[in-house]
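Participant: Line by line, the protein sequences are chains Z and L.
1 is the number of the first residue of the first sequence in the numbering used here; add one for each residue after it.
1 is the number of the first residue of the second sequence in the numbering used here; add one for each residue after it.
If you are wondering where the hints come from, they were derived from the structure by calculation, not from laboratory data.
Some clues are possibly wrong.
If chains are identical, the list can't say which one is meant, so a pair holds when it fits in one copy or spans any two.
Dumping the calculated BS3-like pairs for lysine-lysine here, alpha-carbon to alpha-carbon at most 25 angstroms [stated by the list, open to error]:
no.	residue 1	residue 2
1	K27	K171
2	K8	K171
3	K2	K27
4	K178	K72
5	K184	K64
6	K72	K157
7	K97	K171
8	K171	K72
9	K178	K97
10	K171	K157
11	K62	K102
12	K2	K62
Predicted model, so just to flag it, every value in this text is computed and none were measured.
There are 2 protein chains.
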Amino acid sequence: MKISLGAKPLALPMPTFLVACYDINLKPNAMAVAWGGVVCGQPPCLGVAINHSRHTHEGILKNKAFTVNVPKTSQSTEADYLGMFSGRDRDKLERAKFTVIKSELVNAPYLDDCPLVIECELAHNIDLGSHALFVGQILDVKANENTLTDGVLDIGKVDPLIYSDSREYYKVGSFVAKAFSVGKSLK
Amino acid sequence: MKISLGAKPLALPMPTFLVACYDINLKPNAMAVAWGGVVCGQPPCLGVAINHSRHTHEGILKNKAFTVNVPKTSQSTEADYLGMFSGRDRDKLERAKFTVIKSELVNAPYLDDCPLVIECELAHNIDLGSHALFVGQILDVKANENTLTDGVLDIGKVDPLIYSDSREYYKVGSFVAKAFSVGKSLK
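Let's have the full structure, built from the sequences with the hints guiding it.
Facilitator: The following block contains the structure:
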C-alpha cells in the first residue's frame with residue numbers, strides 16, 4: 001500500500017555535488033548541492049539548482065561558469081560543511097583544506113581532491129521559483145587516474161557520496177546488472 | 001593525477017527513473033531515464049531529459065504530465081527493458097508485467113510495483129539540444145508503506161537502482177554520515 005508523503009522535492013538516489021565557482025570578489029568558493037543532474041546529451045549539459053539567496057548564485061551569474069566536483073565518501077565531513085555554511089562569512093575551501101585549481105577551460109576553480117570533476121560553462125539560467133536551474137555545458141570531465149578500470153570510470157573506485165531525503169549520506173553498494181543488456185530477456 | 005575523459009554527459013551517482021505517461025493514443029507507456037533530478041524546492045520540481053525522438057517525448061507534450069517511478073534493484077530487468085525498446089512498437093508495460101494505475105492528481109499513469117512514485121504536472125519544456133528538459137511540478141510523492149522508518153523514507157528499504165556511466169546498475173550501500181551534522185566539526 002502506498003502512503004502519500006505530499007508535494008516534496010525529492011528523488012532517489014540524489015547526488016552530492018560540490019558546485020565551485022569564483023564569487024563576486026573572484027575568491028574561490030563551493031557549496032554542496034543534491035538537486036541536479038545531467039540534462040542534455042548533445043551538447044552535454046549538467047543542471048544544478050541553486051537558491052537565489054546563495055552566495056554561489058551570484059558567483060555563477062557573474063562568472064558564467066562553475067565546476068561540479070564529486071566527493072568520495074571519506075570527504076563527507078568536508079562536503080557537509082560546504083553545504084551548511086555560506087562563503088559570504090568565511091573561506092570554506094581553505095578551512096576544509098581543499099586544493100583549489102583554476103580551470104583552464106572555464107572561468108571557475110575546481111577541487112583537485114575530489115576524484116571526479118566536471119567543468120561547465122553557463123549555458124542557461126532558468127528561474128523556476130525558489131531556485132535557479134543553472135544549466136552548464138560540459139567542456140570536460142576529469143577523473144583521478146586510479147578511478148578508471150580499463151579506461152572506463154569505475155563507480156566503485158570513485159566511491160561517490162549519495163544523498164538521501166532522510167538527510168543522510170550513503171555509499172554506492174554492490175553491482176546489480178549490466179544496463180542495455182539484462183533487459184533483453186524480455187524482448 | 002587527473003585524466004581528461006572529454007566533454008561527456010555524466011555525473012555520479014545517476015538515478016534510474018522510469019518516466020511514465022500516456023502516449024499520443026492515450027496508452028500507458030514508460031521509459032528508463034538516468035538524466036534528471038530535483039530542480040527546484042518551491043514549487044517542488046523534478047526535471048527529466050528526454051530525447052526529442054522518443055515516444056515519451058510526444059506523450060508528455062500531448063498530456064502535459066508524467067510520473068517518475070523509482071524501481072528497486074530486483075526490478076533491474078524490467079527497468080532496463082523499458083530503456084532499450086520503444087513503446088511505439090510494443091506494449092512494454094504489459095510485457096514487463098507492471099501494474100499500471102491512473103493517477104488521481106495528474107494526467108499520467110504510475111507503476112504501482114515501484115516502491116516510490118512522484119507525480120508531476122508539466123510546468124516547463126526547455127529545449128536544450130538533443131534533449132528536452134521536461135520540468136514537472138511535483139504534486140505528490142507516494143511511497144510503499146514498508147519503505148518508511150518512523151515516517152521517513154528509508155533509502156535502504158526503497159533499495160533504488162543507481163545507474164553508472166559504465167552502463168551498469170548498482171545498489172545503495174552502507175550509511176556514511178548524517179547530513180547537516182557531520183560538517184559542523186569544521187565550523
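Participant: Enumerate the violated hints, using their earlier numbering and listing them in ascending order.
Facilitator: The structure conflicts with hints 1, 5 and 12, although it agrees with all the remaining ones.
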